[in-house]
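**Student:** Please build the complex by placing chain B on the supplied structure of chain A, with the hints as guidance.
Protein chains in written order, with this note's numbering: chain A, 20 to 276; chain B, 4 to 210.
A hint or two may mislead.
As the list claims (entries may be wrong) - Simulated DEER-style distance windows between Cβ atoms:
hint: 1; chain 1: B; residue 1: 65; chain 2: A; residue 2: 56; range: 16 to 24 Å
hint: 2; chain 1: A; residue 1: 242; chain 2: B; residue 2: 47; range: 45 to 53 Å
hint: 3; chain 1: A; residue 1: 155; chain 2: B; residue 2: 129; range: 57 to 65 Å
hint: 4; chain 1: A; residue 1: 152; chain 2: B; residue 2: 94; range: 48 to 56 Å
hint: 5; chain 1: A; residue 1: 148; chain 2: B; residue 2: 174; range: 44 to 52 Å
hint: 6; chain 1: A; residue 1: 91; chain 2: B; residue 2: 157; range: 40 to 48 Å
hint: 7; chain 1: B; residue 1: 194; chain 2: A; residue 2: 242; range: 45 to 53 Å
As the list claims (entries may be wrong) - Here are a few chain B residues that face chain A, going by a calculated C-beta distance under 7 Å:
hint: 8; residue: 32
hint: 9; residue: 36
hint: 10; residue: 143
These are computed hints drawn from the structure, not numbers from a lab.
Even glycine gets a Cβ: it sits at the ideal position worked out from N, Cα and C.
The chain contents come next:
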Amino acid sequence: MNDLVSHAPPAFVKEGGNPYPELFRRDYAAQSPAFAPIYKTSVLRSPRNALLSIDHTLSETTGPMFGQNELGMLDNDLITNYAKGGEAIGPRIIVHGYILDENGRGLPNTLVEFWQANAGGRYRHKNDTYLAPIDPNFGGCGRTLTDENGYYYFRTIRPGAYPWRNYVNSWRPAHIHFSLFGNAFAQRLITQMYFEGDPLIKVCPIIKTIPDEEAIQRLIAPLDLNASVPDDTMAYRFDMVLRGRRSTLFENRLEGN
Amino acid sequence: MSVKYLKETASQTAGPYVHIGLAPHQAGFDIFQNNFDNNLVSATTRGAQIIIEGRVYDGSGSLVRDALIEAWQANADGRYNHPGDRQKTGSVDPNFRGWGRACTDFETGIFRFYTVKPGCVAGREGKVMAPHINLWIVARGINIGLNTRMYFADEEKANESDPVLRGIELKQRRETLLAKPSQKDGKTIYTFDIVLQGENETVFMDV
Numbered sequence: 020m021n022d023l024v025s026h027a028p029p030a031f032v033k034e035g036g037n038p039y040p041e042l043f044r045r046d047y048a049a050q051s052p053a054f055a056p057i058y059k060t061s062v063l064r065s066p067r068n069a070l071l072s073i074d075h076t077l078s079e080t081t082g083p084m085f086g087q088n089e090l091g092m093l094d095n096d097l098i099t100n101y102a103k104g105g106e107a108i109g110p111r112i113i114v115h116g117y118i119l120d121e122n123g124r125g126l127p128n129t130l131v132e133f134w135q136a137n138a139g140g141r142y143r144h145k146n147d148t149y150l151a152p153i154d155p156n157f158g159g160c161g162r163t164l165t166d167e168n169g170y171y172y173f174r175t176i177r178p179g180a181y182p183w184r185n186y187v188n189s190w191r192p193a194h195i196h197f198s199l200f201g202n203a204f205a206q207r208l209i210t211q212m213y214f215e216g217d218p219l220i221k222v223c224p225i226i227k228t229i230p231d232e233e234a235i236q237r238l239i240a241p242l243d244l245n246a247s248v249p250d251d252t253m254a255y256r257f258d259m260v261l262r263g264r265r266s267t268l269f270e271n272r273l274e275g276n
Numbered sequence: 004m005s006v007k008y009l010k011e012t013a014s015q016t017a018g019p020y021v022h023i024g025l026a027p028h029q030a031g032f033d034i035f036q037n038n039f040d041n042n043l044v045s046a047t048t049r050g051a052q053i054i055i056e057g058r059v060y061d062g063s064g065s066l067v068r069d070a071l072i073e074a075w076q077a078n079a080d081g082r083y084n085h086p087g088d089r090q091k092t093g094s095v096d097p098n099f100r101g102w103g104r105a106c107t108d109f110e111t112g113i114f115r116f117y118t119v120k121p122g123c124v125a126g127r128e129g130k131v132m133a134p135h136i137n138l139w140i141v142a143r144g145i146n147i148g149l150n151t152r153m154y155f156a157d158e159e160k161a162n163e164s165d166p167v168l169r170g171i172e173l174k175q176r177r178e179t180l181l182a183k184p185s186q187k188d189g190k191t192i193y194t195f196d197i198v199l200q201g202e203n204e205t206v207f208m209d210v
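With the rest of the complex left out, here is chain A (with noise of 0.2 Å):
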């Protein structure tokens, strides 16, 4: 994916015009309709007008920024952040990657959060009850900012399936929750990462809402023996791609700041 490509060049604004270089367009057609009926949930949930589409201001082309002093030494690893004396039960892996934006470039400093079921499927959550036990040593979630190359990396335990009132007999596939930042508001995105050979990737209704094959392969993270750790933790990469910018400025403004 670091392959790439080409770059925007800065926006030709007038004076007084749009003050910030402005995000590329959304291209909905790879995005899952709001309304998939498929997925039972989303039909009452799915607004009916068409979205009103706006030219970028600085209300869309700015967002929240987070430090690591904001952070604590374990949130990016789940094995031991919510230990009571022991550890989380699971197979043990790494899950890494790069967060880029359209234009192949990593996006430094931005943070990302994670959330999971734990190796049996049940979410450390007051509203799960589903029968697999609580693991008492896994919290399931986590977070890291990426460092100055877009990279970032935490360690966990594979997640287990878990069964779903969608259709009888729904099972979700292993998957992790993260959510993402960027350095725009406006890029703010929220997705799940599934385990390269699962089964159930090709039967979930929630994946199938999405029109586009190649954006749900983006999504199965493949097995990444180079970065596992020999006789301890195997590693699954995982890139993630916000909406591009059309100016490289915004770099050159950061380190400066």
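**Tutor:** Then chain B, alone, in the frame of chain A:
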């Protein structure tokens, strides 16, 4: 041949357990030392402190009790705390990031933000945007986060010339973006309900 760019990653629903990752206290446990929450202000934040309060409704008129809402806003001077904001007027408030997240309550369905009223912000081509707060809504059943803006009903004059409000063709739909002020225990509360679908459906934006 076409120009090659990477493609934005496909969004997926935040799901019913979004609270675990983004608001673990609401999920029912304590894990991080520092939690991101719905309080954007401290005692030293400049500006008029306000509370935003609302509910989220689905297409049947039922409360959505598992939504997560994020707010991103300028400070009282109309400045965003971000290096991309190069407006000449006002200044950034170091005690105000301008971002927070709130969840609808599992019982009452109410969400709240504790913040300050933002100032006007420079828009495109010399126009001025009325005070507003950018909102992003995710939940189970929402495949891709919904963007909208909350404006203030008591900013009639500024609202009248706001380029985004004016861009809403059906005038009655502009009302869905106006938060109504009231006073309670000496505090200013703005009520802003979000309707995902149906009559009075909130105007959502392709940003």
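**Student:** Against each hint, give a clear statement of whether it holds in the structure.
**Tutor:** Right, here's what the structure says about each hint:
Take residue 65 of chain B and residue 56 of chain A: their Cβ atoms lie about 18 Å apart, and the range 16 to 24 Å holds. Taken as a hint, the range 45 to 53 Å holds for the pair residue 242 of chain A and residue 47 of chain B, whose Cβ atoms sit roughly 50 Å apart. Checking the proposed 57 to 65 Å range against residue 155 of chain A and residue 129 of chain B shows it holds: the Cβ atoms sit about 60 Å from each other. Against the hinted window of 48 to 56 Å, the Cβ-Cβ separation of residue 152 of chain A and residue 94 of chain B comes to about 54 Å, which satisfies the hint.
Distance hint check: the CB atoms of residue 148 of chain A and residue 174 of chain B are about 46 Å apart, consistent with the given range 44 to 52 Å. A beta carbon spacing of about 41 Å between residue 91 of chain A and residue 157 of chain B agrees with the range 40 to 48 Å that was offered as a hint. Separated by about 51 Å at the C-beta atoms, residue 194 of chain B and residue 242 of chain A satisfy the suggested range of 45 to 53 Å. Here the hint on residue 32 of chain B is kept, as its CB sits about 6 Å from the closest CB of chain A, short of 7 Å.
Given the 7 Å rule on beta carbons, the hint for residue 36 of chain B holds: about 5 Å separates it from the nearest Cβ of chain A. Taking 7 Å as the C-beta cut-off, the interface hint given for residue 143 of chain B holds, the closest approach to chain A being about 5 Å.
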